[in-house]
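> Listed below, chain by chain, are the residues.
There are 2 protein chains.
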Amino acid sequence: MGKLANGKLPFELSEIEISVNARGTVVKIPLGDNEQLYGFGLQIGSFNQRGLRKKPVVNDNPLNDLGYTHAPSTFYVSTKGYGILINTSRYTTFYCGTTNELRDDSSKPTKSFGAANSVEDLYQNRKSASGNVVADIPGAKGIEIFIFEGPDLLTVLKRYNLFSGGGALPPMWALGVKYRVKADFNQSQAGAVADYFRKNHIPCDVIGLEPKWQTTAYSCSYVWNTQYFPSPNKFIDTMYRKGFKVNLWEHAFVNAASPLYHQLKSRAGNYLVWNGLVPDFADPVARNLFADYHKKTFVEHGIYGFKMDECDNSNLSFGSATWSFPEHSEFPSGIDGEQMHQVFGLLYQKSIYGIFKDMNKRTLLDVRSSNAFASSYPAAIYSDIYGHKDYIEMIGNSGFSGLIWSPEVRESNSVSDLMRRSQTAVLSAQTLYNSWYLQHPPWLQIDKEKNNRGELMDNAKTVEDDVRKLLNFRMSLIPYLYNAFSEYYLEGTPPFRALVVDYPDDKEVYNIADEYMIGQDLLAAPLTEKAEERSVYLPKGNWYDFNNNKKYEGGKSYKVKVGYTDLPLFVKEGTILPLAKPLEYITPQSRFEITCNLYGSQLRKTTLFEDDGTTFNYQNGNYGILSLAYTNGKGMINRTDKKRKSLYNIKNWNQIQ
Amino acid sequence: MGKLANGKLPFELSEIEISVNARGTVVKIPLGDNEQLYGFGLQIGSFNQRGLRKKPVVNDNPLNDLGYTHAPSTFYVSTKGYGILINTSRYTTFYCGTTNELRDDSSKPTKSFGAANSVEDLYQNRKSASGNVVADIPGAKGIEIFIFEGPDLLTVLKRYNLFSGGGALPPMWALGVKYRVKADFNQSQAGAVADYFRKNHIPCDVIGLEPKWQTTAYSCSYVWNTQYFPSPNKFIDTMYRKGFKVNLWEHAFVNAASPLYHQLKSRAGNYLVWNGLVPDFADPVARNLFADYHKKTFVEHGIYGFKMDECDNSNLSFGSATWSFPEHSEFPSGIDGEQMHQVFGLLYQKSIYGIFKDMNKRTLLDVRSSNAFASSYPAAIYSDIYGHKDYIEMIGNSGFSGLIWSPEVRESNSVSDLMRRSQTAVLSAQTLYNSWYLQHPPWLQIDKEKNNRGELMDNAKTVEDDVRKLLNFRMSLIPYLYNAFSEYYLEGTPPFRALVVDYPDDKEVYNIADEYMIGQDLLAAPLTEKAEERSVYLPKGNWYDFNNNKKYEGGKSYKVKVGYTDLPLFVKEGTILPLAKPLEYITPQSRFEITCNLYGSQLRKTTLFEDDGTTFNYQNGNYGILSLAYTNGKGMINRTDKKRKSLYNIKNWNQIQ
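Taken in order, these protein sequences are the chains called D and H. Each residue of the first sequence is one higher than the last, beginning at 75 in our numbering. Each residue of the second sequence is one higher than the last, beginning at 75 in our numbering.
Heads up, a few of these hints could be off.
The list treats identical chains as interchangeable, and a pair is accepted whether it falls inside one copy or across any two copies.
Using 35 angstroms as the maximum straight-line C-alpha spacing, the simulated DSBU-like pairs for lysine-lysine come out as follows [to be verified]:
no.	residue 1	residue 2
1	K339	K102
2	K604	K463
3	K102	K215
4	K463	K524
5	K339	K215
6	K522	K604
7	K522	K708
8	K604	K524
9	K82	K370
10	K719	K424
11	K370	K725
12	K625	K424
13	K463	K522
14	K82	K273
Worth flagging that the hints you see were computed from the coordinates, not collected in a lab. Please read these numbers as outputs of a predicted model, since none were measured by experiment.
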């Protein structure tokens, strides 16, 4: 840790122009010729944002990379080592070097335009060499801007995440596998799924229930449907004893059948969604009423998390649906629908997270929307778009904006698709199989209709074996991931981040959206359906293929084959990689048998984080760091908190090469 | 003509609620349970707008039927016989019965949501039974609303079009065929195309030149490129003598190489597009400078029209392009970029149309954007989206908003596609083949690459014969179409309109987007690629298949086969349909030999419009009406202006059946 280095802006603060008129506020920020820009929240479909116009508006649907996203952060970072956050919940358009102003010296004729003999000729992107980023914020009567200095891109992100409260540290069990059961499964069906996992030794830590657990769901009652779950608390306890945490689906639109309804009616927006109230989450009293009910009804009875759905105004991208409140809605707190849309998911998280914080009980929530300054909220964003390539690229993009992204697996087009998606899930912040419309786990039948008819694949058990191998790898990686998340909290370093964060001086990585770093030492390069091999660019230094230990010289691209039960993963030379003997699930009593793989000879010190894994006591310094070093053929272990019973038993040092 | 019937609103004016707050203005207009809503400009992808949220924003790209359109009119009409126009150039969102407000009596629990076992279950459109249309206009500090009364839907449209100045009456030649040549064709190549048409007796009235005729095109110089067109005025004259009008492509962004640049620099927006000025068309002086230059340089030298491209902010739908000015642009007239986007095409039309009006010379322009109150502007909208189904549906939609729509033909996927598109082009307001990136006419080679390599289809001449048949039919229909357009001017009746306009009490037509009326008596039901037959709903009354005179009883749907050289066209029983012997092109000297097809026995009177076909003198009453009646086995012709030499020679009365 220690103090972050001082940064320096590549321009003077006075060069930022802010103008306010009747329409709103416009901000112009200098932009150098060679700067590359990233961020704007969990962007889908675009990565390097220079030359684009981005309008980060909360939504599920990216729509031609307009900027629509589950997490519409008005925050971008530059390879020149600074970040800019426009602090607004108004829809803001960023012109990232795409505009040219009329000036006194604009009169030089431009070159004759060619014949445009093809559509391609005409449609080619004519990026201007504009000298600024322009942010247009209609409706804003002035604006607050946060500037995060580097000196480098990673330090900018650290500053941003630390300023946001430090990155979220999920409970250790949340780094295991989450499985969501079919929406209409009842208590015994959900229990049977859990038993199937244990019987077949498929790792799983969390079972998620979908809408039918409630008496009404669109909108929500937040009341157990006892026809389906006759004894919910018994169910939760039984599951817990088998090593499962139970997570409940919901959204925030409150049905009149809900005990919450009458309390919230005067603290809600003036439009209904699915006939349900929209709680005014900008009002702390409304947030507290919502939280208090959830605490007493669910969390105190052993519920360990919620899936907070439908908070992303997903109908904004469609003319036909009515899935949220209009933008002109009015809320008692004084904000309008547009503003509420942008912050609704964030405030929803604040409400629910508050329960767990109060109870000193960590969780990892699922949520459909977030925004700026959310780094400390333990909530993984998920999405319906389900494009695997997009899902991969969102991992890198999530790291620019203090977000946790969960590329969930549902049905697949082919076994290849399933395995490639599973590899990505295993190499992401949360490993989630979402079977909300599948009778059986997707690895038993990839096809949705057949799956629901119970027609399992002939090779179902072989595919299950293959998926189990990947999930076991996930469980092996937990100590390493947990350490990466601890550094997110302690230092602000995003555990998952694009290559450009670590290698801002390497022009080759400026547009690489489909590779990313996991922690300090691992580089992931997932494959999508049908690909047997892919091109992987490895930055400077040497790298090892995780699967076969083949060594590669960095600064080059390689065609690499990756099998279905292999991992599209590369290890930096000099890494001590601690891998655990896989557990099927994590409890407070879990201890890890560790093998340290040693890649190369000049080995860097590595660390593992030790705490109770489930409370916020680490925020009061109640944790230890286990250091691993290896010199002169000898492994060395050092622990800062020797009184603590260690989570890790370092069994082997395994020299690679 | 005569006075329109009085209408009556189905609600009290006082029931319209207007509220203004810091964010903008919200208007709520009552909506009955059984009302259907149409309009919002040239909508693409949606037709009956009830249950949808529409945001008519100027754009080429419909994006999931959000409401983006080339003509973002904030005008809708109801089957209950009224129309509402919110008079604003601010982006406005209409919630067409999709919102539910929280009220004191909102507390009844809604039914339990089912299991949602499928995505389909969950995603089904849950239309609310809302009692209003809500218009949200951020940034508007109050609003003007126009209400057009019926009593019926057609009368609403008549009132709207008459209020807008009466529908445009194109010159008669503009109802012929327009052909645009390849963008890089020079003077002799363009001339050769024209000669090819005459030599092969392919009807054509207009030859359009694409960007390369100018010295610079993106942005525009508006100066002939004499390398390509060494003697433009000679070219124009030669073409005219051969019966062709020349139309010039351009857009409104003024290159520094243009003689217009220095005059317009102080009357332009503060952002450049393709390094060109954006003229402040809200400033009459800027419009006049632009028009005056065009008049002296082009129109006075015989140019008969312009294709006014790129005025629809087409990059709004993409994060990647830089094809227009930002929304926060400022114009000297005081309007901003958002407002300018919405009206840019309309004001561009106003500028260019003014030249022709002043010179008492009619034209039909091509334009990429329009807006409300444009009925009197003779400009056909065209689009890049090129989806044939969309193109067909836009014909019906155009009639709700006083617009002329031109579903142009370019390359095709198959000969079937070409023929089906040609049928639609022939049955639309303007028949346009746009070969801006094709070396040869598309009927000689449908495939773009092969076309440009000169690899013509083996059956090119057969396909040309088939296309010629369709184009000849178009030429036969001109007297009928011209009359329909005269009624657009005189009575406000849209010449092309959806069935619901004529049959507002027939619930079966509420959602029929792909059939439309042409004039009083014809119903078109175009087919798309691969379809050999389609389902056609025919409203009450009897109908005749135009191709084989088969009679159908209305109020039912039929599967109908339509050949490639047939017309997907039905004639109402009782119609006297005047069809001309096809000409290859129209001049002031053109006279038509007419055969009147008589469908059934109780024949309605029909009319033909007679004027000089090229000037605005008809607006001073300088026209005649030729009436056709048929009773007791005898045709009767009556003319209101017997001194005028008739345009029509009624040769035959041809009893069908």
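> Against this structure, judge whether each hint is valid.
Status of the hints after comparison with the structure:
Taking the closest pair of Cα atoms, K339 and K102 come within 35 angstroms of each other only across two copies (23 angstroms); inside a single copy the shortest separation is 42 angstroms, beyond that limit. Taking the closest pair of Cα atoms, K604 and K463 come within 35 angstroms of each other both inside a single copy (12 angstroms) and across two copies (33 angstroms). Within a single copy, K102 and K215 get their C-alpha atoms as close as 16 angstroms, and across copies as close as 27 angstroms, so both meet the 35 angstroms cut-off. In this assembly of identical chains, the alpha carbons of K463 and K524 lie at most 35 angstroms apart whether taken from the same copy (25 angstroms) or from different copies (33 angstroms).
With identical chains, the CA atoms of K339 and K215 are at most 35 angstroms apart both within one copy (31 angstroms) and between copies (30 angstroms). Proximity of K522 and K604 under a CA criterion of 35 angstroms is satisfied in both settings, with 19 angstroms inside one chain copy and 31 angstroms between copies. In this homomeric assembly, K522 and K708 never come within 35 angstroms of each other (Cα to Cα): the closest approach is 52 angstroms inside a single copy and 69 angstroms across copies. In this assembly of identical chains, the alpha carbons of K604 and K524 lie at most 35 angstroms apart whether taken from the same copy (21 angstroms) or from different copies (32 angstroms).
For the identical chains of this complex, K82 and K370 are neighbours neither inside a copy (49 angstroms) nor across copies (57 angstroms), given an alpha-carbon limit of 35 angstroms. For the homomeric pair K719 and K424, the shortest alpha-carbon distance inside one copy (33 angstroms) is at most 35 angstroms, but the shortest distance between copies (82 angstroms) is not. In the homo-oligomer, the alpha carbons of K370 and K725 never lie at most 35 angstroms apart, since the shortest distance is 44 angstroms inside one protomer and 90 angstroms across protomers. Proximity of K625 and K424 under a CA criterion of 35 angstroms is satisfied in neither setting, with 46 angstroms inside one chain copy and 69 angstroms between copies.
In this assembly of identical chains, the alpha carbons of K463 and K522 lie at most 35 angstroms apart whether taken from the same copy (21 angstroms) or from different copies (31 angstroms). Taking the closest pair of Cα atoms, K82 and K273 never come within 35 angstroms of each other, the shortest separation being 58 angstroms inside a single copy and 73 angstroms across copies.
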